[in-house]
Amino acid sequence: MTKGSSNENVRILIVDDEFSVRHSLTAWFEDEGYTVDVASSGKEALAKLAENRWDIFFLDLKMPGMTGLELQKKIKEIQPDGTIIIITAFASVESAVEAMQSGAYDYLSKPFDPDYLALMVRNIIERKKLKEETASLKKTIDGVYTSKEIIGESKGTQKMMEDIRAVADTGSTVLIRGESGTGKELVARAIHANSKRRYAPIVTINCGALPESILESELFGHEKGAFTGAQYARKGKFEMADGGTIFLDEIGNISPKIQMELLRVLEDKKFFRLGGSKELKADFRTIAATNKDLEAAMEKGEFRNDLFYRLNVFVIEIPPLRERRSDIELLAQHFLNVFTSQMNKPIAKISPAAMKLLAGYDWPGNVRELENAIERAVVVCKAKEIKPSDFPFFNARPEEEASPDDSLESLQRKHIRKVLKQTGWNISKAAAVLQIDRVTLYNKISKYNLKKP
Amino acid sequence: MQNIVLIPIGTMKHDVAGFLSLSLPEILHVPCRVIAEDIGLKPFYSSDRKQYHSTEILRELLPFAAGKEQHILGIMDVDLYIPILTFVFGEAQLSGRCALMSGHRLHQEFYGLPEDDSLYLHRCEKEAVHELGHTLGLKHCDNFECVMRYSNSIADIDIKRNVFCPSCSQVLGIPTLW
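For the record, the sequence lines run as chains A and B. Under this note's numbering, read the first sequence as residues 1 to 453, first letter to last. Under this note's numbering, read the second sequence as residues 454 to 631, first letter to last.
No wet-lab data here; the hints were simulated from the structure. Among these hints, one or two may not hold up.
[Unchecked claim] Stretch by stretch, here's where chain A covers chain B in the computed footprint (C-beta under 8 Å, at least three residues): (1) 534-542; (2) 586-596.
[Claimed, not checked] Derived EDC-like pairs (lysine to aspartate or glutamate); straight-line CA-CA distance at most 20 Å: (3) A:Lys48 - A:Glu70; (4) A:Lys429 - A:Asp406; (5) A:Lys257 - A:Glu212; (6) A:Lys444 - A:Glu409; (7) A:Lys270 - A:Glu302; (8) A:Lys129 - B:Glu509; (9) B:Lys503 - A:Asp17; (10) A:Lys110 - B:Asp501; (11) A:Lys345 - A:Asp293; (12) A:Lys128 - B:Asp532; (13) A:Lys196 - A:Asp163; (14) A:Lys349 - A:Glu375; (15) A:Lys110 - B:Asp532; (16) B:Lys466 - B:Asp595; (17) A:Lys73 - A:Asp17; (18) A:Lys110 - B:Glu509; (19) A:Lys237 - A:Glu218.
[Said to hold, decoys possible] Label pairs and their calculated CB-CB ranges: (20) A:Pro64 - B:Ala489: 24 to 34 Å; (21) A:Asp169 - B:Glu598: 51 to 61 Å; (22) B:Ala489 - A:Pro80: 57 to 67 Å; (23) A:Phe19 - B:Pro496: 12 to 22 Å; (24) A:Ser136 - B:Pro496: 29 to 39 Å; (25) B:Asn456 - A:Ser136: 45 to 55 Å; (26) A:Thr140 - B:His467: 37 to 47 Å; (27) B:Trp631 - A:Trp425: 34 to 44 Å; (28) A:Glu132 - B:Glu598: 45 to 55 Å; (29) A:Tyr232 - B:His467: 33 to 43 Å; (30) B:Trp631 - A:Asp169: 56 to 66 Å; (31) A:Lys235 - B:Ser571: 51 to 61 Å.
A virtual CB, placed ideally from N, CA and C, is assigned to each residue, including glycine.
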């Protein structure tokens with residue numbers, strides 16, 4: 001009676017003309033639970049290879065007929081992913097070098113240290129598993145973003161998809177323009193996922209959310225002791241994006257100093273860590289995004305012309321949701337499916353009356369606002385379908401509406417109150433919609449004396 | 454397995470057989486006795502390697518297992534090898550009747566440390582149970598504390614326990630001592 005083991009799936013073929021070697025290695029590997037077979041010559045080994053595939057081959061270097069090195073070449077032709085270990089009683093530097101150059105995993109001289117042998121086989125198996133996992137993950141990555149995440153059949157969305165496909169594989173710098181909440185990061189990820197760099201990371205940084213000094217250290221990294229509190233050296237986003245893509249979100253909000261530094265690094269891909277004296281190099285693709293009118297910012301002297309032209313290589317415009325109303329229904333249904341599944345709620349659809357309301361609304365916060373609205377509706381909905389009453393912001397009082405006589409402060413107050421209502425006073429979500437920091441939002445709530453109902 | 458027969462081979466520094474005859478019945482739940490047999494080691498010595506050929510000595514034990522429901526464990530204190538490996542702590546017939554173990558590399562002295570009799574006997578016990586486990590059909594176990602865990606170094610032996618894990622006990626159909 002024997003106990004089942006995962007090692008049984010590992011198949012080892014031992015090829016040696018010496019019986020005692022075949023016998024003792026077989027017994028040793030069988031104790032470990034591996035599936036083992038033997039061959040006394042290269043010819044016999046090739047016959048066994050024709051019948052079955054093997055994970056690991058132990059090949060004796062000196063055998064009558066075909067040598068271990070000749071056999072290794074034939075095995076590599078038939079089964080390139082097989083791991084080969086050359087074994088010999090007559091180790092020489094020349095044969096070892098030749099074996100390793102022809103792709104052998106290791107070269108062992110007899111007798112072997114049992115601990116080393118066990119460790120080597122375990123490492124081979126581990127490596128094989130990792131290779132298989134990587135291959136499977138690559139397959140997953142290949143299928144992730146092609147079209148699933150970007151939803152919409154409107155002309156505007158289809159044009160955007162065409163642009164993504166056209167530019168993804170080129171390696172060009174891309175500038176994504178669109179209002180807040182239109183899904184600029186999603187487009188950046190889709191470009192990355194369809195590019196040659198997809199197996200390397202995409203590193204995102206929101207340039208508008210960080211003060212200048214922190215943004216500088218985030219982008220370029222810092223050495224230990226570069227500033228007070230820099231207890232350890234740290235890699236910057238450019239270093240992390242080596243081989244992949246850097247996504248610079250809200251590029252229109254950066255200071256003149258960072259603009260100048262960015263221009264330099266985008267041009268020659270070389271930079272220094274803060275406090276560092278060694279010049280570093282990184283190979284990355286740049287995707288930037290903004291909701292600002294950069295041309296106007298240039299005219300005012302707030303945004304550098306040279307940086308603009310460096311970024312403005314290929315532009316993808318994401319139309320606001322109000323300009324592609326035909327997408328609203330599809331998007332609403334998609335978010336409904338996502339949230340009902342996440343919250344495990346049996347809501348099948350959005351009622352025609354509610355859908356009419358959604359389609360007629362202007363969505364100043366774009367897709368993000370629609371997503372939040374559906375999420376909130378799923379939370380409050382108690383029926384099998386979502387009704388207009390599940391969207392309380394459509395019932396906003398007339399005083400909430402902006403009038404041409406409103407001051408900027410008054411408009412801001414109204415807008416913040418509206419967003420807070422839509423998000424159920426969830427500060428993080430409201431801050432995300434408004435694209436301001438949570439603390440800033442809190443300060444504005446205090447300033448405008450807004451009270452949670 | 455109905456009983457275990459221990460055969461000391463060559464000279465031994467300690468009474469390993471006496472200790473095992475008391476401890477093995479508790480772990481394997483069968484009687485155990487020691488018999489004296491005159492097995493010469495000279496033919497199995499390799500002057501090149503200065504070691505003894507384990508597989509050939511194991512073959513010498515086969516006649517003692519013939520015809521009876523007993524498992525044989527040869528106990529030695531010399532360094533053992535099989536041609537392909539630099540050394541072995543022991544060797545067994547998988548699902549067979551004969552096993553062999555050596556205490557040579559179980560001494561602290563072998564590693565340049567002061568001898569520790571108690572540790573030595575505990576290591577011998579683990580090695581004996583491990584090899585007899587192979588004769589009962591057990592392969593190496595993934596549980597790092599199980600006595601059937603592979604042991605290619607003295608550290609491996611010291612980490613594991615002297616008994617079968619619940620899973621191995623279940624395969625053997627014996628009560629677990631875990």
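Earlier hints that do not hold, by number: 4, 7, 8, 9, 11, 12, 16, 20, 24, 26, 27, 28 and 29
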